Amino acid sequence: MLLLQLNKIDKSPFGRTFFDTIWLELQTGDPLVRQLQTFTDLEDRYDISAFDKDLAESNRQKIELEARLKGQLYPQRGILQGLVAQKQAEVKGYQQDLDELDAQRAEENADYEEKVLEHKEATAIIAEARRLFADNIEHQSFIQKGKATKQSIHKFIKEVSSMIQKHFTQSAKKTAKFQHRKGYSKQFKAFAIIASKRSLKDY
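Residue numbers 267 to 469, in our numbering, belong to the letters of the sequence shown in order.
Among these hints, one or two may not hold up.
As the list claims (entries may be wrong) - DSS-like cross-link-like pairs, simulated, lysine-lysine; straight-line CA separation at most 27 angstroms: (1) K452 / K439; (2) K421 / K386; (3) K424 / K440; (4) K432 / K421; (5) K353 / K386; (6) K421 / K443; (7) K455 / K424; (8) K448 / K386; (9) K452 / K381; (10) K336 / K386; (11) K381 / K455; (12) K463 / K421; (13) K455 / K421; (14) K443 / K455; (15) K432 / K386; (16) K448 / K432; (17) K386 / K440; (18) K386 / K358.
Just so you know, the hints here were simulated from the structure itself, not pulled from any lab data. Note that the structure is predicted; figures quoted are calculated from it, not measured.
Kindly produce the complete structure, drawing on both the sequences and the hints.
Dropping the structure here:
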């Protein structure tokens, strides 16, 4: 019965304080009156109302910060996230455009290089035709000795024209495979026809 009463007293605020006070007196060995005086001195030293004001101010600042977060910072964060996503999409689009331009430039550069090679090859074909004609003139003994006759000239022109015709005919077939400058093939065919007519012409 006594234990039940003690438990009941211990569960009440006053009883809990009472038992804590007795326990404190037993631990310190100071009389209860002196402990009460110490509590009174502490109460006089610290202004509880000041603590209450500080607590109220802290709560007010907390409420203001929460309101600012919900009213300003959170919406601004959402807006910034939207802008970042938009800019990232724009950057992705720009990168795609750049990749397409790079691919186009690479293709155009490859086409240009092929055109240059085709032009060089056609130029070499024409240079070779000139060399064939010039070399044969240079190595003809009757021209060197000044003993050219109508028959010898006719034979010479026929032979050289035949060589040049063959050269341009082969070149026309070769340049027909060009990807860009297909006109060279037609020109070389025309040169071959001209050379053929020259070789068949009667002098």
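Within a Cα-Cα threshold of 27 angstroms, do K353 and K386 meet the stated pairing? Violated - the C-alpha atoms of K386 and K353 are around 48 angstroms apart, more than 27 angstroms.
Hey, K386 versus K440, does the alpha-carbon distance stay inside 27 angstroms? holds (13 angstroms)
Run the distance test for K424 versus K440: straight-line Cα separation, threshold 27 angstroms. Given that 27 angstroms is the threshold and the Cα spacing comes to 24 angstroms, the pair holds.
Between K443 and K455, is the straight-line Cα distance small enough, at 27 angstroms or below? holds (14 angstroms)
Do the alpha carbons of K448 and K432 lie within 27 angstroms of each other, as the hint requires? holds (19 angstroms)
Would you check the hint for K452 and K439, treating anything up to 27 angstroms between C-alpha atoms as holding? Judged against 27 angstroms, a Cα distance of about 10 angstroms means the pair holds.
Does K421 lie within 27 angstroms of K455 when you go C-alpha to C-alpha? holds (23 angstroms)
Check the hint pairing K448 with K386 against an upper bound of 27 angstroms on the C-alpha distance. holds (14 angstroms)
Would the pair K432 and K421 pass a check requiring their Cα atoms to be no farther apart than 27 angstroms? holds (17 angstroms)
Straight-line alpha-carbon gap K386 to K358, limit 27 angstroms: Given pair K386, K358 is violated - Cα atoms ~42 angstroms apart, limit 27 angstroms.
K452 and K381: Cα distance at most 27 angstroms? holds (17 angstroms)
Run the distance test for K455 versus K424: straight-line Cα separation, threshold 27 angstroms. Roughly 18 angstroms between the alpha carbons, so the hint for K455 and K424 holds.
Violated hints, in rising order: 2, 5, 6, 10 and 18; the structure is consistent with all others.
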